[in-house]
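Asks: Given chain A's structure and the hints, the job is docking chains B and C onto it.
Chains as they are written, first to last, in my numbering: chain A, 1 to 295; chain B, 1 to 422; chain C, 1 to 327.
Keep in mind that a hint or two might mislead.
[To be verified] Stretch-level coverage of chain C by chain A, calculated; a stretch enters the list once three of its residues show a Cβ under 8 Å from a Cβ in chain A:
#, stretch
1, 101-113
2, 216-227
3, 293-299
4, 304-310
These are calculated hints, taken from the structure and not from any lab test. From the three backbone atoms N, C-alpha and C, an ideal C-beta is built for every residue, glycine too.
One letter stands for each residue in the lines below.
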Amino acid sequence: MTTALAIQLLLLGLLQGGIYALVACGLTLIYGVMKVVNFAHAEFLTLGMFLAITAFQLFGLNPYTAAPFIFAIVFILGAIAQQIVIRPALRYPQINQMLITIGLSILLVGMMQLLWGPNNQVVKLSWARATFDFEIAGGEVSLSYVRLIAAVVAVAVAGLAWWILKYTRTGNAMRAAAQNPLAARLMGINVSRINLLTFGFGTGLAALSGALISPAFFVNPTFGTDYFILAAFVIVVLGTMGNFVGALVGGLIIGMAEALGGLFLGAAMRQFVSLSVFVIVLLFLPRGIFRGRMS
Amino acid sequence: MKKPKQSAVCSVSTPNSTRRATVAGMGAAIAAATLPIPASAQSKDIKVGFLLPLTGAFAEAGQLIKSAVDMAVEEINKAGGIKSIGGRLVPVYGNSSSPDEANTETNRMISTEKVSAIVGAYSSGATISSTVIAERASIPYLVPNALADEITERGLKFVFKTVPHFSQFAINGAQMVKDLSAKAKRPVKTVSLVRENNFFGNVVGKAFSAHLGKAGLELVKDNIFPTNPTSFEDIIVALKGQNPDVVFAAGEPSSITLLFQQLKELKYWPKLGWVGCGGGYTNPTVVQNLGSLAEGMLVINDWFPDINRPGSKELNERFKKRTGGKDLLGNANTTYAAVHILADALQRAASPDGAKIRDALATTRITSGPATFMYEQVTFDAKGMMPNSLLIGAQVQKGSARVVWPNSLKVAEGVWPVPAPR
Amino acid sequence: MKMSNWLDWQLIVSGIFIAAIAAIGVSSTSDYVVQILVLATIYAAVALSWSIAGGLGGLLLLGFISFYGIGAYTNGILFTKYGISPWINIVLAAGFAGLLGWLIAAVTLRYELSEDYFAMFTVGLSQALKIVLLNSEYFGRATGIYITIVKDDWAMMSFVSRKPYLLIALLILVVIIAASYWIQRSTFGFRLAAVRQNSRAAEALGINPVKTKIQAIIVSGALGGSVGAFYSQFVTFIDPKQVFSLATNFEMLLGAVLGGRLTLIGPILGAATLKPLQDVLRGVFGGEADALYLVLYGALLIVSCLALPKGIAFYIEKWHRKRYGNS
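One chain only, chain A, in its complex shape (with noise of 0.2 Å):
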């Protein structure tokens, strides 16, 4: 194990880690205003692969290009499923809220499986494999301009979305709502239409991940809940529940840890370190990384 070959495994891990954290966000996002777990969150990150898919296959548009216009679509679906099927559950009891967002992820898959059909299914983007090569401590480190791409961007989106909750006054609505939704009805806001704008705006953002790693995984109905929804819920977890900047931290440090481990353990144990991850933030820091606060 040369150092070269030590911080190339770092680097990808700490790109994974920013698109994990795009994807957390919106997660925490939900359960910070809404106290919703929802559990159907993956499946929305994969309608935005398949969108990118369809956005290059039939008009060749670059999943780059199509993110903003596949945000704006799913932003507007997720606030559609947020009016039919989350709204009315609000005021039930948590287990039947939980089960309902299982029966919407259950639902997806299957309406995607309709739509695109079971197999897996790729961007043939020309320079997909293209890599950003650069020399260091003696070793060549290559990493993969998709990959790099989707980190930076998802990162910078993140970023922007943390911007828009501070600063803005929806987003200061939404994080009223987060602390206190009763005192922010108090306050004049309105309560339903603020969980609106945030179940579309943190779908929108899955789906946004899902449009900027098409290029460099491959979509079928499942993948999200295969490959993304395990390491997002340690990182809510881990953040905090409901803490964005914590989701952000926690995604980069979960892609860290999950590279170390696959470099010290060995790659079957990759999923075994963001479980015990997990496992252990939940017994010994209960309230996440930021203790329970929200910002």
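Replies: Just chains B and C now, kept in the frame of chain A:
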């Protein structure tokens, strides 16, 4: 393709549930409407149960196999059915997406449908559990599409398997790389494994660990990866360190796709070549998605359409016409052959009785006919295994898999060493 | 025992239900029918086990399958590697699963974790266990554990026919029903209800919420584990993906929630109806890779959770009240 409605719900009515009664009524109506053989007629037709994953994760494979079975059944019936009995062969399909389901369906086939034999069940777990049920009912069970040793290692008398023993992957794989290397006048010694931590990956891993030494090759490392990792960097970096001559690999289509994408990105390729074992590596979607990345990839499996055996190409073309362009791959081939093997046994047994069919199967000796597109010879040993099965090597050349090993079956020359994919 | 008492009424009806299943199963000439009944019974037993902590206790014990899986592997390992009888293994499985429950409870409850955290923890733990087993040679890794039975052996719970399995499954269900009944009538049940409704108020009454919750999780877990052990003996093949499957987990809970998790009869009704319904739906709509089935099943889940938030048993209870008046 919709599953036939013969899987109607049982006619059970329980108190406290009108919903159940309605469903039961619906089921009975559907069953009555679609059962092909009227209850009053005494039919000489032979029913055979086919356990396949018709829904769920492996449904695509299951549906492909079903098309192959349908084709075989049609051919047999067109040629007169089972002439010694004077009836047609009638398939009864059952879903085997999980051991639970496979067991339930096996029970249904035996008690309700009264099948004379069963073929199945694709996944080893489902096969292991459902063969026990068939054994107890003295119904012969032919396994053309599940791999586990345990299937034939438990002393069951009614179970027969046409799938090669998984040690063949190691034995034939090692021989292939040695032959190719000898021809190219390049030495081959070190091997690394890259395999998924699932059932197939585990058995392949065990096989290679056990047999590589005997072939004079050295196993440097058995690299295991979990199902659905988001990155293979650790495996690839490890491979760079191990620097093997050859990599043998096994995995699911998703893993293979991502792995090959990253092999290119991280710029690694083994010194001589990469050999994939089994199903995932022959999946046409994988080859299509990888495009030029798959060029030169070697695959070991039991059959490829592009093979030097009489009748193979024609058979594949017929199947492609039937399925709108899909090759007879992914156990569709072995199951197709199994139908013919079973038909041969039924013909010799001349009876729908399970025990007689079992005895006929045990004394099978096929050296010509439809099943030989896959096997030179079909016989079963005392354990119910086919001792003469062989695994074949093909190489992806210009987007399609062409057989390059052994010499008697090849249609193209293997490119060895394999240059890194562009 | 009075019919006018809601709990007693449920007990009687459950008893009749079980007797009917037994009668149908024993008299049936089709192994297929018996197979379906056994699976429905198993699901009902798990759902009812869960409902003690998840329903009566109000705990968001989302990752319940850990107990089921532990139970399945207990029997799988002890039976195949050490030749211990499944009759004993079922009890041992209850022990191990109960121990796991105690560990989970003791460790999570001292922090007053919010419900959602607790739920996530249990889900994460189930998947962690799955990965541990996938990587353990002793437990069979991904190749799993298989049991071969070719002749009857009562001592080893091995039968050629499916019928004895049905009777044993029903017996287990009876035990769990008795447990739930007894709990609902006892001070423990009272404590559970108090803690479920208002933890602070319960404390004021002198009840220790943490201790009560721990006890509930242990009981639920132990019962769930025993069902898992039986399951492994019945299905004769287990692997980590199967017995720690989140999909199965949610299916079992769904039965309890849709049936009515606060009642005795709810989980039984819900699970026993849902499982066959699922199989039928799959049979009719399954087809190519499930797509249509998934859409329908997902929609069914959503609609029934929205329409029947308290479960079917809620409406049965209303009817009972009308019929018998308040008791």
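Asks: Decide, hint by hint, whether the structure agrees.
Replies: Quick rundown of the hints versus the structure:
{"no.": "1", "hint": "101-113", "result": "holds (count 4)"}
{"no.": "2", "hint": "216-227", "result": "violated (count 0)"}
{"no.": "3", "hint": "293-299", "result": "holds (count 7)"}
{"no.": "4", "hint": "304-310", "result": "holds (count 3)"}
Hint check: a violation occurs at hint 2 only; the rest are consistent with the structure.
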